[in-house]
Amino acid sequence: MARRVFRVATGLVCTLIACAPDTARAFGDVGAFEARPLLVGDQSSARRASALALWATELTNRTSAPARAKPREVRASDDALFDAPFAYWSDNRELSPLSRAEIGNLRRFFALGGMLFVDDAAPGAEGPGAFGQYARRELARVLPDMAPTSLPKDHVLYRTFYIVRRPEGRTGNVKPLEVLSRSGKIKVIFSSHDVAGAVAQSPHGGWENRLEGGEPQRERALRLLVNIAMYVLCSNYKDDQVHAPSLMRKRGLSPTP
Amino acid sequence: MSEHLSVAAPSWLVWVAAVVGFLATLLLVAEVLRQRASRASLVSGFAAVLALELVILRPERVQTNEIRSLPSVTVLIDTSRSMALPGYDGSRFEEATRALAALQTHAKGKADLHVFAFGGQEPVAWSSKLTPSSATSQLDPTLSSLERGERTDAIVVISDGRLDAPAPGVSHEALKARLGPLGIPIHTVNVVDYAPKDAQIRSVSLTSTAVAHVPVPLRVEVGCTGGLACGELELHVRELRDNGPSIEVGRGVAKVTDDAALVEMSVTLDTVGYHVLEVSTSAPDGDSIPENNKRLFPVLVTRERVRVLHVAGRPTHDVRAVREWLKSNASVDTIAFFILRTKTDNAKAEDDDLSLIQFPVNELFTQHLASFDAIIFQDFDAQPYGIGRHLPALARYVHNGGGLIMVGGPNSFVAGGYAGTALATILPVALEDTDQSTAADVDNFVPRWSDEGRAAPLLGPLRSLSGDELPSMPGTNVLGALHPGASALWEHPTRRTKDGKPMPIFAIAEVGNGRSVALGIDGGWLLGFSTFGLRTGGRGTAALWDGMLGWLMRDPRYEPVQVDLADACVANEPVQLELRALPGLAPKERSTVTIDVQRLDDSSKPLHREVPISAGVGTLRIPFEALAAGGYAARARFGNTTTVRRDFACEVGGQEWADPRPDPEHLKAIAAASHGVSVSTRQVDHIPLPDAKILTTMRRDLPVLPPWVWAILAATFAGMHWIVRRRTGLL
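Heads up: the protein sequence lines correspond to chains U and S, in order. The letter at position 166 of the first sequence is residue 194 when you use the numbering used here, and the numbering goes up by one with no holes. The letter at position 206 of the second sequence is residue 211 when you use the numbering used here, and the numbering goes up by one with no holes.
There could be a bad hint or two in this list.
Claimed, not checked - Straight-line C-alpha distance at most 25 Å; calculated DSS-like pairs for lysine-lysine:
1) U:K181 <-> S:K181
2) S:K332 <-> U:K215
3) S:K332 <-> U:K98
Unchecked claim - DEER-style ranges, computed between Cβ atoms:
4) U:A108 <-> S:H613: 47 to 55 Å
5) U:A108 <-> S:D606: 54 to 62 Å
6) S:N577 <-> U:D267: 56 to 64 Å
7) S:P389 <-> U:E122: 46 to 54 Å
8) U:Q161 <-> S:T371: 55 to 63 Å
9) U:E122 <-> S:T499: 50 to 58 Å
10) S:T371 <-> U:E243: 44 to 52 Å
11) S:P389 <-> U:G234: 31 to 39 Å
12) S:T624 <-> U:G212: 22 to 30 Å
13) S:T371 <-> U:D267: 23 to 31 Å
Don't read these hints as lab results, they were simulated from the structure. All of these numbers come straight from a predicted model, not from anything done at the bench. We put the CB at the ideal spot given by N, CA and C, even for glycine.
Sequences and hints are given; from them, build the entire structure.
The following block contains the structure:
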């Protein structure tokens, strides 16, 4: 019963959010987290849009971080790509190759410090599906000097807010997240877990997908999304916290545990 | 008038003629000795040679008028402050004036005396009204100045020998190399050769650069002269503070043996910039110069690594941009606390599942506050975290030399509950929290550069990237009018403060020993990440923060003006402050320099000067009346630039009284190196005066015979000799 009430309430909130007017950026809103769905080539609309709205809602409910309730779609070839340093890219199929303009814009986006979360909506059992492989191939054209590497279990991304033990999404894939990074700064996160799929809403209310692990698995996927958002907003701040005790000891401070 | 014979030929020709004549005479004599020539040939030949010589030399009578001139002797009298110390009968300076009188008697009718006072860089014409007031004894530059002037035949220096230049202890060879080229003797008169009974702090020096938070060794040399028994003397080092009592930062004991002691101490200063330290000692009974028991000196404290506390009220892109800049800067050591969850947030997790720690408010803002060089409050509401009770301490921290940057956001400034608090008093802008006031203006706008902003070196890096262009900002905190002395670097294009002036967006201020910055926007990250950021290569945010933190930490690159004392400040003597604008920052139109001098331990009204300056003038000196002994802060503003602070100290005795011992050996060395003599004031009449000079005022050259007569005579004698030789068969 409680679960049903939660689903209905969540659906209602998301519907209200979806209907909310897309106001211009306002004071205090400009630095807010926004999971902007990235569109390239012939992609006409964002996948998992409902999940992105829920992501924003849960981020603001659970943390002090501000978030845009209704993320705006952004095309890779538009200057709007430079309105915020984060974008979410997902699909379940191979798309058309990136155009020269898209490659140039994405390259500048990363050069300025932007970050992209690539979430494979249809991953294979052992790893990336058609979209995941496509995204890796195309992003290799954008960042040719970087190769995907597995994100170590002790990476700060897994403890920016929640302590996340392993990445989980709609699938029960145990493969780690992969990243493209330079000098310790993550440019791209590859997920073969359909993380947003775990929290996507159906148009009629309720969850879009049933999960093998049930609600705990959905909660873990949501926590991973919160952590990714916190990484976007705080960078490796929690690495500092690990180092804080030694830094503070060095200068006579003792941290409150 | 006198007359003598001479020749018209040049001297080289005289030599040639003499040699040729001598050889010809030898030849004639040789012929006679070998009996090849007769005596008549010898006589006629000699006459012919002589006649030819006279043709060449052309004898003449020289009539001249001559006068006898007295030699010029320059007398240099030391007017440094050490000459005010005790001599034999009165001060050393009085002894010097008596020596001058004796010298004038000695030189009467034998030499012309030209008397000057020396002390600073240039000699000053002597006057009986002069007093020993110079903070230095610069003999060397005085000699250089004399070299450029009229020729003198000798120099007499009257001094106690405690000279700054040439420095004591310079080798004989070095002195000779310096004084030899003058080509004249330097005689010295030593006005005193005994040291007074006195305990003194002879010198205070830092043995390395003073770095904030790091103990710096301080070396203090203590002396006891004139047979005063000092034994052990306590030393205290105190830091003079703005508007309050000084605080002790060091203590030591000087065990005086052989009239001197060297004490090594260490002091730790927490904030960057100038500090005035006072080193004092207790002296035993019989101490004759109490003024040199205390020394004041300014210390410039720099930093090895800037220690920054970054506190953010919530994570945003602006917070991330500042953090990324801080972490990328190798000279910054950052401690960060971001509020990731508020009391109203529901994380839906057990604490064990959360990677959160408590915000150690009390530890940070009580005992450890002073360990930071700068604090950044970014979009941070002080109230929920109990920081309100620490705000007075935070304000004191800034007054004492710390730096504060408050960055805008919905939780900052008035919205953060800072209005009416102690912190509001140290911000560059007023915070108005009334029923009619609003905390934020949500309309988009493009900040406008103020004249101060365009001239401020701290914004130079950003201007070099983007010129006058700035990105549009999505609203701003509503800030009040500038506090007195603060500068607005960016302004709102339309909003006004209560005083009718444009509302500041980015403002800076000097606060006591520290500095504060108010940045009323939360879109600073758009300087680096935006379409505007594309044009700056993404470096805009870093350029803004480089300048902002650099200015806060008094990095010379971001100071618009250098303020210095023109000379050491001597208490109760007029003082001059010299202002030098950075290259390119001299005012481009007629402008005004304002400067305030405030005694550190006194909150009364500062001495204020406003001096008009012409366009392009980058350096000027501003005189102030006599200041009492103590530490002072000078705050200067050059045209439209931001305010710069420079602390300095004025001492009664200063370095000149720090060591009251005379140095007759130094005077002897100077005299020896220049072939002069060194005497006491009782032996002034032993000084050798140069010989008088003969000056020719008229000269007339009269030929003994016209040149053609000498030619006929030579031809005649040569012809006769030719005839004689024909007759004797030599031709």
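Results for each hint:
no., hint, result
1, U:K181 <-> S:K181, "violated, 77 Å"
2, S:K332 <-> U:K215, "holds, 17 Å"
3, S:K332 <-> U:K98, "violated, 32 Å"
4, U:A108 <-> S:H613: 47 to 55 Å, "holds, 54 Å"
5, U:A108 <-> S:D606: 54 to 62 Å, "holds, 59 Å"
6, S:N577 <-> U:D267: 56 to 64 Å, "holds, 59 Å"
7, S:P389 <-> U:E122: 46 to 54 Å, "holds, 50 Å"
8, U:Q161 <-> S:T371: 55 to 63 Å, "holds, 57 Å"
9, U:E122 <-> S:T499: 50 to 58 Å, "holds, 52 Å"
10, S:T371 <-> U:E243: 44 to 52 Å, "holds, 45 Å"
11, S:P389 <-> U:G234: 31 to 39 Å, "holds, 37 Å"
12, S:T624 <-> U:G212: 22 to 30 Å, "violated, 48 Å"
13, S:T371 <-> U:D267: 23 to 31 Å, "holds, 27 Å"
In this structure, the earlier hints numbered 1, 3, 12 are contradicted, and the remaining ones agree with it.
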